[in-house]
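Participant: Construct the complete structure from the given sequences, taking the supplied hints into account.
Spelled out from the first residue to the last, the chains are:
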Amino acid sequence: MTVISRGWDRLTLSGKVIFTLVPLLLALTVGLVAAIAVLGGPLLDVLAANLPIVRFAVAATAILLMTIPTAFLIIYMEMKVIAQMNLRIGPDRVGPFGSLLSVVHGLKVLMKEDFTPTGADSTVFTWAPVVVYLASVMTLLVIPFAPGLYGQDLNIGLLYFFAMAGLGVVGLLMGGWSSYNKYSLLGGLRAAAQVVSYEIPLTLSVVGLILLAGTMSLNQIVLNQAGWFTDWYVFQQPLGALIFFIAATAEANRTPFDLTEADSEIVAGFATEYSGMRFGFFFFAEYVNVFIMSALTVTLFFGGWNAPFAWPFETGLTIDPGSLGIGLILLIAIVPVILTLAFAAPFWIASSRIKGWQALIIGFVLTNLFIVGLLGAWAYVELDWVAGILWFMLKTYVFVFTFVWMRGTLPRVRIDQLMDFAWKWLLPAALLNLFVTAGAIVVLNAIDRVPT
Amino acid sequence: MTTPTDRSDAPRHEAPHASQDDPRVMLDRDLGVFEPVPPYPPRTEREAEFYTLRDGEMFINMGPQHPSTHGVLRVVLKLDGEKVVDLDPVLGYLHRGVEKLCENADYHHVISQVDPLEYVSSLFTEWAPVMAFEQLLDVQVPRRAEYIRVLSGELNRISSHALFLGWMALDLGGLTPILWSFIERDEIVEMLASLTGQRMLFNYFRIGGVNGDLNHDFMSRLGDWMSRATEQIDSGMGLLNENEIFVRRMRGLGTIDTKAALRMCFSGPNLRATGVPFDVRRAHPYSIYPELDFDIPTRTEGDCLARYLLRMDELKQSLRIIDQCLHQMPDGPIMAKMPRLLRPRPGRAYAAVEGPRGQYATYAMSDGTHQPFRMRIHDPSFVHLQAVGLMMPGHLIADTLAVMASLDPIMGGIDK
Amino acid sequence: MDRALKNRLEARFADRFSGPIRQRHDQTEMRIGAGDVTQVLTALHDEPEFRFEFLADLAGVDTGTVMQVVYHLWSDTTPDWLRLIADGLSRDDPRAPSATFLWKGAEWMEREAYDMFGIIFEGNRDLRRIYMPPDYTSFPLRKDFYLPDDAARSPGAGVRPMERTHEPRNAPAAATVRRSAV
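Residue numbers (numbering that gives the first Met the number 0), protein chains in the order written: chain A, 0 to 451; chain B, 0 to 415; chain C, 0 to 181.
Be aware that a few hints might be false.
Unchecked claim - Now the in silico label distances, taken between C-beta atoms and shown as ranges: (1) R2(C) with D216(B): 45 to 55 Å; (2) R53(B) with G213(A): 48 to 58 Å; (3) M0(C) with T229(B): 40 to 50 Å; (4) P41(B) with P68(A): 35 to 45 Å; (5) P68(A) with R250(B): 36 to 46 Å; (6) P66(B) with D113(A): 14 to 24 Å; (7) R250(B) with T117(A): 37 to 47 Å.
In short, the hints are calculated from the structure, not lab data. No residue lacks a Cβ here, since even glycine has one placed at the ideal position from N, Cα and C.
Facilitator: Structure below.
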């Protein structure tokens, strides 16, 4: 044993790391392979028998894991975009262009002291951020990211969404009340009042859409908007879309409706007494909420994962690579070489300062880019989920940018102006939208039934 | 200090007692909360009136550490839900005893002592004492020095109003205007740094003149900035003036009428926004202001929006004044002939200047020695802060800061 | 320097002056006793020939022998500032009437004068300390106060019976207190 300990002491730090990790990884791999070999067969049978549950578990895990990088990205985007609007630079030290700053913020938040204030109700205090976060994230279950890429295709998907989003109020109230602090209480009550008031125009504004689509299933709503962008529901329900977007801003507690976290009035509202990861949870939940509200806007009104244009023709790419035989190997060997030379030649000819090997390197890089581009194009055309997720993310981030843009530009409203606006303006407008839509449907149906 | 979560329901029979950390804070466990209440019994009528809670009211403390009070100011708000019923500002967190320090300082030293009072507009805080001492010494300031004083003073006024614009928007939630107005302010502050040597607490005026003459760097920066100033200011203002949310929050807020304003001893833009065209530069002209041509903007509504728009109008007038100063600048010395050790005749003098916040004045008493006998500084923000309690009742918490910001207080001056 | 103002003031208030009216540069100065302050201020504020509606400043002064309250007023009938010195307040128990009945904005200025000098303004509804902590036991701007490290426990505290009840220790000798003849 002393030999081992003496040998261990003589290692450098990296030596110690290697000698710990490598045996551990080997053991894990061997163990996993053995487990699969032994249990694999029965395990696969069990999985195959319960495929829906497995699918659900995988989808839920993927969604939960996805929320964290999304939140990081949105936080970074907010810092950079608002900085540019403020004629500043924003983060630019940590990572290229400061992109790792939100990751570092996440780590920092994990390392902060985690305390409970005197007099606070510890159970409620601990569970409040969890409730808020879960309420936001559970709604992601029904959002279709691409054809086939959704958690569950509930036929009451929209209703489920609003129900889950409404659970967040409970978390806000829990946080505000249990903090044993008047600022938190005020903030929590304001937040609850705001979210509850704006839920009504939010849900009413999409009822017209439900009437038009005939279904509450989000997947079906997206499928209804396939084709050109003029098929998107925003052109059939413009008022509904507008009301929805404004109410969504209020639901997500974003400027101009961010008085619950107005740091110039009540320090941090319901989150005043929170620090460390609990505070991190609240703000993760908020940024994920921004993403979710944008995603829902896109799903309902802007075509979801559909491209703005209908792909005009069927691709007949039915090349079977195996049929080429030996020619495939020659192709894979020769084509990159030819492309490298082809891309290198113009650079070498054009400038006498670029030497041969430099031109070849440039050519190689360009070849790689070209091949990746070709693969991407093939994936886009052939695999519908690639195109779907691409367009979905693009459209969603346009709306996330709009949220961030509003934060950088607009001041915030007062609580009484906010409630005023919800009850006296948005609610009647949503009702108007609903009646007009319903009336139009009745009229159009009646016209259609008149025999010509 | 306390036992952590002691949540037993046994009745607590502890009498209200002073907290160990701060004897001014009474802890009343029976209430179950830690309330900031003053020691019983209340010492004055107003204290009794304020610290008595009626049904449904509560105190909330916007403490000295707060993201948005303008400096270290503690405001105790009495709330009925979200409505503010009354408020009591508690001062003294930034009190530096400047008046006492000036009594032990030479007349020249006083200038650097008073700089940090209204640190945003230091030149005005230097101007009033310097004028008072010049009266005591019967010194005639050269004309070129007067023109330079007016020029740098108006630049300081513009930078102070730009800062006001930014803070006002920040308190209402807009993150962008403060950074845009800081571009303005940065350029002006750099200009004044090339003139006076300092970016903020300038220490530039001297008894009998100014410290340094205009130099090439200053003039080139000034010319450069003047050519762009109007559009920069307009773009900054354009973000706010037509913003529906901003205007709706400020209109009708914190209204004060003319009689109440005069009773509260308002001066400066706060008074002019209520309709009284009182400007010390016109009512009691000093320096070379009689030779300059400028208007006194006045508005009649007396609410936050009027105060904000009025300060923006004053910005434009300051630009006119600077323009005229540049054109009419005479040659000559920048400092009168003064002895090294100043011993004014025994007497009293009062000098007031129109600062960006109002009438900034000094009452100086001299007893023939080389130190002032009494150096009384009258700061406008101090007087204006009293009026917040008058304007607030009926409004919401969120408006407290908007109203305070619209009065443009600077805690350095309030606390001296 | 407005001679007409001097004449008008002498005509109206001759019996109340405790010293001659002095004028220098652009200021006119008159001295009255503490008891006359209310009536004189009311007259200056209300009467149409004076109309001194703007209170520019309210200050306390400790001359070493007596205490004073100094008011500065402005009217649009004259180009001068009017300085009204309420003279002769005793250093042991300085009392003066409050000006808050005319100008509510004088409340905090009087609080400051109380805090710094100990002058009690009768009629001020809120006469408590404004800068110093509420349990502070001395008045900083008095001439017999000096600046040690901890002023609340300094020998400067408790100099006068109105501040503490125990005997003062190490109070500065009367000869070193700075006086002014003005």
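Participant: Check each numbered hint against the structure and report the violated ones by number, ascending.
Facilitator: Hint 4 alone not satisfied by this model.
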